[in-house]
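Listed below, chain by chain, are the residues.
There are 2 protein chains.
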Amino acid sequence: MGPEFGFPDLLSRKDVEEAGERICASITRTSVLKSDALNEKCGVELLFKCENFQQSGSFKYRGVSNAVIRLGTMDRKKGVITHSSGNHGAALAAFARKLKIPCLVVMPDSASEFKRQAIYRYGAEIIDCESSLESRESTLEGLLSERGMNFIPPYDHADVIAGQGTCGLELLDDVKKIDELWVPVGGGGLAGGNVLSVGEELQVVGAEPALARDAYEGLKLGVRQPQMEPMTCADGLRTALGELNFSILTKYKLPIRLVTEEEIIRAQSLMMSCLKILVETSAAVPFAALLKYGPHQIESRRIGVIVSGGNILV
Amino acid sequence: MGPEFGFPDLLSRKDVEEAGERICASITRTSVLKSDALNEKCGVELLFKCENFQQSGSFKYRGVSNAVIRLGTMDRKKGVITHSSGNHGAALAAFARKLKIPCLVVMPDSASEFKRQAIYRYGAEIIDCESSLESRESTLEGLLSERGMNFIPPYDHADVIAGQGTCGLELLDDVKKIDELWVPVGGGGLAGGNVLSVGEELQVVGAEPALARDAYEGLKLGVRQPQMEPMTCADGLRTALGELNFSILTKYKLPIRLVTEEEIIRAQSLMMSCLKILVETSAAVPFAALLKYGPHQIESRRIGVIVSGGNILV
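Chains as they are written, first to last, in this note's numbering: chain A, 40 to 353; chain B, 40 to 353.
One or more hints might be untrue.
If chains are identical, the list can't say which one is meant, so a pair holds when it fits in one copy or spans any two.
Below are the DSS-like pairs computed for lysine-lysine, each with C-alpha atoms no more than 25 Å apart in a straight line [stated by the list, open to error]:
#1 K139 with K259
#2 K73 with K139
#3 K117 with K137
#4 K331 with K80
Keep in mind the hints are simulated off the structure, nothing from the lab.
Make a model of the complete structure from these sequences and hints.
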């Protein structure tokens with residue numbers, strides 16, 4: 040992940056609660072949607088936490104808000120930088136614009152024009168690099184020393200993880216009781232954050248595309264797996280687990296369910312027709328897994344599902 | 040409209056408030072969504088009241104709930120009947136299923152297979168008729184005398200109008216202050232109900248497809264216009280204003296804005312890309328009008344927009 044960061048030894052629910060206090064005025068408290076038709080189909084009550092309605096179109100805005108606010112006034116003024124071809128870059132650009140601080144996004148030339156446009160519209164400066172991880176990191180490090188900006192990584196960072204965990208806290212606060220919370224697993228920021236925030240009182244379950252199952256394999260083997268350059272349509276979940284994220288999920292023994300590409304597309308379409316919402320493929324993965332496997336514990340009745348984002352071209 | 044109903048001489052905000060108390064446990068308190076991008080585009084703050092998330096997929100569930108509850112236990116048991124090729128039929132079928140009472144929907148054979156399937160899935164009996172208004176009415180009247188069920192009309196009915204008006208009350212309660220409320224105008228149930236509920240404290244504005252401008256012409260001329268069998272893509276707005284609805288909107292001098300088919304489709308697509316929601320064409324009409332004309336009063340800053348439904352095939 041390039042430059043090192045000082046992680047606290049122990050990241051806990053308290054960190055997520057503090058993040059919630061810190062960012063509550065910056066973020067959107069997103070809606071929770073239900074559908075009788077989907078409940079009947081799954082035989083349980085599903086509560087969809089709609090981060091596709093979040094500012095910048097995904098949950099990434101939570102982690103970014105927490106991390107950038109935590110920089111402190113002096114550092115923050117120097118601006119922020121990241122490498123991202125997707126939602127993290129858009130979230131950082133959107134939050135930087137709100138704070139009127141400079142933002143620079145290193146972006147592989149293979150990134151989709153749609154996502155590039157989104158980051159551009161939020162007013163960030165875009166620096167191109169080649170699509171390899173090495174090129175991203177060397178470009179980023181060069182710019183870091185040159186400009187003195189603050190690197191805000193997409194998932195392998197305590198403040199980012201704590202920010203993402205606020206999602207589950209809000210859901211619990213709104214619906215009072217759920218038996219399980221299903222989340223997509225990419226870099227592990229969302230999964231890790233919500234394991235910290237609500238994992239003690241309910242079962243958190245991860246879902247991953249079968250074509251990008253580095254987390255599934257890594258947790259099974261006890262060894263973090265390298266990025267596999269997977270071809271899944273769920274582009275937000277192509278990244279490998281981060282280090283800190285891997286530690287959190289390993290300690291929790293997160294169960295992970297795998298789904299095929301067809302199952303993801305079918306789930307996305309069902310969410311459109313029954314919930315009336317536009318979600319990106321990555322965001323359909325947990326619901327696809329629920330449709331396939333049912334709840335983790337047979338006695339579970341109320342299942343929270345995090346809908347991670349809605350950034351697709353329409 | 041076939042059989043006559045005893046309308047109260049005066050329908051008022053109090054009737055809507057009572058409807059709100061009556062149906063609050065039956066309906067979904069729908070979310071209010073915002074988008075910075077759309078706010079920038081319109082130069083005002085837009086607050087979208089999302090009835091596409093309502094049970095049965097549209098605001099029609101409000102009016103139906105109020106009218107059916109008001110029948111009283113004895114009458115209600117006999118079941119409910121209506122003629123509808125769209126959202127009103129689906130709402131009645133869905134609410135009847137919840138109450139476990141019989142429901143019969145007279146449906147023109149020209150109705151879309153998608154809408155027919157929705158009503159069928161809710162468990163209602165469907166009786167086919169020809170697509171003319173005469174055929175609908177004679178089929179309905181025959182069934183009424185034969186089965187003794189209660190006719191719940193789609194819009195020209197005090198209880199239905201009062202139910203639809205709860206939409207604006209909820210929005211105001213959630214967002215505290217708005218300067219204007221924009222609504223689509225079809226039969227006039229939604230427009231009439233919200234004129235009654237919030238029309239005194241803020242400006243209600245109607246929007247209609249230019250191809251189906253019977254309300255616009257009728258209010259201008261002071262004479263209710265007949266159905267024109269309009270070809271607009273906004274199928275929920277093809278009906279002419281009801282009598283009671285016409286009286287309410289005339290008394291209020293409702294301003295009505297007209298939009299083209301292209302403007303409707305463009306607004307629908309913008310709502311999908313910026314709000315991440317699926318809305319039917321009829322539901323995009325008020326936003327299309329706002330995009331075209333801007334707010335009714337130049338000093339208005341916060342505009343409520345009722346998103347009437349999301350029932351389209353995907």
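Intra/inter-copy verdict for K331 and K80 if alpha-carbon distance must be at most 25 Å:
Within one copy, since 11 Å is at most 25 Å while 41 Å is not.
When Cα atoms must be at most 25 Å apart, do K73 and K139 count as within-copy, between-copy, both, or neither?
Classified as between: cross-chain Cα gap 21 Å, same-chain 37 Å, threshold 25 Å.
For the identical chains here, do K139 and K259 meet the 25 Å Cα criterion within one copy, between copies, both, or neither?
The answer is neither: 44 Å in one copy and 49 Å across copies each exceed 25 Å.
Since the copies are identical, ignore which copy is meant and state whether K117 and K137 lie within 25 Å (CA to CA) inside a copy, between copies, both or neither.
within (15 Å within a copy, 58 Å between copies)
The structure fails to meet hint 1 from the earlier list, while all remaining hints are met.
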